Amino acid sequence: MRIEEHPILNFDKKKKIKFFFNGQSVEGYEGDTIASALHAAGVKVLGKSLFLHRPRGFYCAIGNCSSCLMTVNGVANVKTCVTDLEEGMNVEIQEGKGEIV
Amino acid sequence: MKQAELVIIGGGPAGLCAAVSAARSGAKVLIIERNKDLGGQLLKQTHMFFGSEKQYASLRGIDIPAILISELEKYKERVEIIKEATVVGVFEDGVITVLEKEENYFKIAPKALVLATGAYEKYLSFPNNDLPGIYGAGAVQTLMNVHGVKPGNKVLMVGAGNIGLIVSYQLMQAGVKVEAILDAAPKIGGYLVHASKVRRMGVPILTSHTVKEAIGKEELEKAVISQVDEKFSPIEGSEKTLDVDVMCISVGLTPLNELLAMRGCKMKYIPQLGGLVPLRNENYETSVENLFVAGDATGVEEASAAMVEGFLAGLCAAEKIGYRLDNFEEMKNDYLKQLEELRSGPAGKHILSGIEQIVL
Numbered sequence: 677m678r679i680e681e682h683p684i685l686n687f688d689k690k691k692k693i694k695f696f697f698n699g700q701s702v703e704g705y706e707g708d709t710i711a712s713a714l715h716a717a718g719v720k721v722l723g724k725s726l727f728l729h730r731p732r733g734f735y736c737a738i739g740n741c742s743s744c745l746m747t748v749n750g751v752a753n754v755k756t757c758v759t760d761l762e763e764g765m766n767v768e769i770q771e772g773k774g775e776i777v
Numbered sequence: 173m174k175q176a177e178l179v180i181i182g183g184g185p186a187g188l189c190a191a192v193s194a195a196r197s198g199a200k201v202l203i204i205e206r207n208k209d210l211g212g213q214l215l216k217q218t219h220m221f222f223g224s225e226k227q228y229a230s231l232r233g234i235d236i237p238a239i240l241i242s243e244l245e246k247y248k249e250r251v252e253i254i255k256e257a258t259v260v261g262v263f264e265d266g267v268i269t270v271l272e273k274e275e276n277y278f279k280i281a282p283k284a285l286v287l288a289t290g291a292y293e294k295y296l297s298f299p300n301n302d303l304p305g306i307y308g309a310g311a312v313q314t315l316m317n318v319h320g321v322k323p324g325n326k327v328l329m330v331g332a333g334n335i336g337l338i339v340s341y342q343l344m345q346a347g348v349k350v351e352a353i354l355d356a357a358p359k360i361g362g363y364l365v366h367a368s369k370v371r372r373m374g375v376p377i378l379t380s381h382t383v384k385e386a387i388g389k390e391e392l393e394k395a396v397i398s399q400v401d402e403k404f405s406p407i408e409g410s411e412k413t414l415d416v417d418v419m420c421i422s423v424g425l426t427p428l429n430e431l432l433a434m435r436g437c438k439m440k441y442i443p444q445l446g447g448l449v450p451l452r453n454e455n456y457e458t459s460v461e462n463l464f465v466a467g468d469a470t471g472v473e474e475a476s477a478a479m480v481e482g483f484l485a486g487l488c489a490a491e492k493i494g495y496r497l498d499n500f501e502e503m504k505n506d507y508l509k510q511l512e513e514l515r516s517g518p519a520g521k522h523i524l525s526g527i528e529q530i531v532l
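Those protein sequences? They're chains U and L, same order as listed. Heads up: the first sequence begins at 677 in this note's numbering, then just goes up one per residue. Heads up: the second sequence begins at 173 in this note's numbering, then just goes up one per residue.
Do not rely on the hints blindly, as some may be mistaken.
[Stated by the list, open to error] Below are the BS3-like pairs computed for lysine-lysine, each with C-alpha atoms no more than 27 Å apart in a straight line:
#1 U/K724 / L/K273
#2 U/K692 / L/K174
#3 L/K273 / L/K326
#4 U/K773 / L/K294
#5 U/K690 / L/K369
#6 L/K208 / U/K692
#7 L/K326 / U/K724
#8 L/K208 / U/K691
#9 L/K509 / U/K691
#10 U/K691 / L/K322
#11 L/K394 / L/K349
#12 L/K174 / L/K279
#13 L/K294 / U/K694
#14 L/K279 / U/K724
#15 L/K322 / U/K689
#16 U/K694 / L/K322
#17 U/K690 / L/K394
#18 L/K248 / L/K294
#19 L/K294 / L/K509
#20 L/K389 / U/K773
#21 L/K389 / U/K690
#22 U/K724 / L/K294
#23 U/K689 / L/K208
#24 U/K724 / L/K389
#25 U/K689 / L/K294
Hints are computed from structural coordinates only; laboratory data are not their basis. Just so we're clear, the structure is a prediction, and the values are computed from it rather than from any experiment.
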């Protein structure tokens with residue numbers, strides 16, 4: 677769900693960026709973070725909580741709360757709300773604490 | 173180890189103004205900013221600011237960083253900026269440790285520090301408050317105004333302070349429906365000018381109301397709200413279920429104070445200022461010599477106050493390490509006067525009752 681029209685801001689579509697979410701191809705735009713691109717694509721659940729495995733989305737969107745941690749290109753615990761989306765990124769829902777590579 | 177004169181932690185409104193002020197005084201300044209861009213939360217403020225011209229009133233927040241950055245460029249020979257870098261430690265010997273781009277870890281020994289780390293959004297306790305779809309109001313503002321993405325279709329705004337009211341209006345500007353704004357207090361906390369604006373657009377503001385629970389399996393699907401009595405206890409039988417896929421929590425901010433506490437600054441819990449804040453003198457120097465603070469980290473207020481505090485702390489920190497402007501006293505008194513004016517309204521009274529408990 678992208679904003680199409682806005683009285684103050686101009687969101688002209690920028691360059692498309694293709695990436696993978698749990699193996700599926702998804703599209704975002706230049707200027708997106710991983711979390712904003714996923715949200716625009718309808719993905720709100722970014723992870724599972726450590727013990728009760730409850731769904732987790734972002735909460736603060738500015739890199740404070742760590743509610744948006746995902747595995748990106750094999751690296752666990754990436755703050756997806758402040759990490760720029762890049763072409764071909766492999767983004768996955770993280771189960772548990774993640775593994776150190 | 174890198175040597176530095178004045179290190180400013182945080183490149184938001186307070187930090188940028190501290191940098192301008194200190195560099196103008198003649199100090200060499202190093203700004204360390206966590207994000208890619210300077211400006212902090214100004215980058216998502218599409219509304220016009222109040223205050224006076226000196227605090228960039230009647231400009232939109234999003235347009236202020238460029239002004240401050242061009243001001244900084246006047247002194248570029250003594251300004252260094254490190255972005256995408258997080259200060260992870262402030263130690264007793266004055267050394268700070270920095271992690272740049274998640275890979276480059278180094279130490280800096282500055283003569284003085286200005287901490288302008290800002291604040292973060294508070295949570296609210298209710299069953300299922302962790303469901304995706306429940307976001308900080310500021311988070312939704314970032315999603316919309318920075319990234320151009322709608323948070324969902326129907327929003328419940330929890331909190332009728334200025335952030336709650338402003339973000340509600342901005343949600344409507346983005347084409348998103350706001351079902352209701354609620355607040356546990358019997359009165360609207362934010363400015364009436366903001367409240368009237370959203371009311372005119374047909375959004376009900378429900379005072380003496382709270383969220384009883386969120387409902388949803390994987391994501392937020394519904395919210396149950398209820399009226400509260402004068403003791404803020406839910407009134408049985410007054411529950412209503414709203415069909416919303418987004419809930420914004422706008423119940424205030426709390427200072428990002430970890431580095432101050434780590435360094436051993438004397439801290440005090442002051443509800444009027446949003447939480448645990450450092451004690452500080454009139455110059456915004458904490459109980460630790462040469463460690464200054466500015467902005468929301470020293471007590472949550474508006475960006476206008478954060479900017480003036482930044483100018484003041486930068487001026488005084490530079491003076492402390494030997495860069496005293498000829499008109500130092502005049503400048504300092506002007507900043508103090510501006511702060512006094514900004515805090516002269518009814519909201520200011522509340523803030524001042526907190527500040528008087530932390531001034532050394």
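**Message:** Against the 27 Å threshold, does the CA-CA distance of L/K509 and U/K691 hold or violate the hint?
**Reply:** Roughly 48 Å separates the two Cα atoms, so the pair is violated.
**Message:** Run the distance test for U/K691 versus L/K322: straight-line Cα separation, threshold 27 Å.
**Reply:** Since the Cα atoms of U/K691 and L/K322 sit roughly 19 Å apart, the hinted pair holds (cutoff 27 Å).
**Asked** Can the restraint linking U/K689 and L/K294 be considered satisfied, given a maximum Cα separation of 27 Å?
**Response** Violated, at about 33 Å.
**Message:** Holds or violated: L/K273 and L/K326, Cα atoms, limit 27 Å.
**Reply:** 37 Å, violated
**Pairwise hint evaluation, L/K279 against L/K174, where the allowed Cα distance is 27 Å at most** = With Cα atoms ~6 Å apart, L/K174 and L/K279 stay inside 27 Å; holds.
**Prompt:** Quick one, are L/K208 and U/K692 close enough, alpha carbons at most 27 Å?
**Reply:** It holds: about 20 Å lies between the C-alpha atoms, which stays within 27 Å.
**Request:** For the pair we were handed, U/K689 and L/K208, check the Cα-Cα distance against 27 Å.
**Result:** 21 Å, holds
**Message:** Need the status of pair L/K389, U/K773: alpha-carbon distance at most 27 Å?
**Reply:** OK: L/K389 and U/K773 at ~22 Å, within 27 Å.
**Message:** Run the distance test for U/K724 versus L/K273: straight-line Cα separation, threshold 27 Å.
**Reply:** 26 Å, holds
**Message:** So if I understand the rule, the pair passes when the alpha-carbon distance is 27 Å or less; does U/K724 with L/K389 pass?
**Reply:** Measuring from Cα to Cα gives roughly 13 Å; hence the hint holds.
**Asked** Given the hinted pair L/K208 and U/K691, is their alpha-carbon gap at most 27 Å?
**Response** Since the Cα atoms of L/K208 and U/K691 sit roughly 19 Å apart, the hinted pair holds (cutoff 27 Å).
**Message:** Please verify whether U/K773 and L/K294 have alpha carbons no more than 27 Å apart.
**Reply:** 24 Å, holds
The structure shown violates the earlier hints numbered 2, 3, 5, 9, 13, 14, 17, 18, 19, 21, 25.
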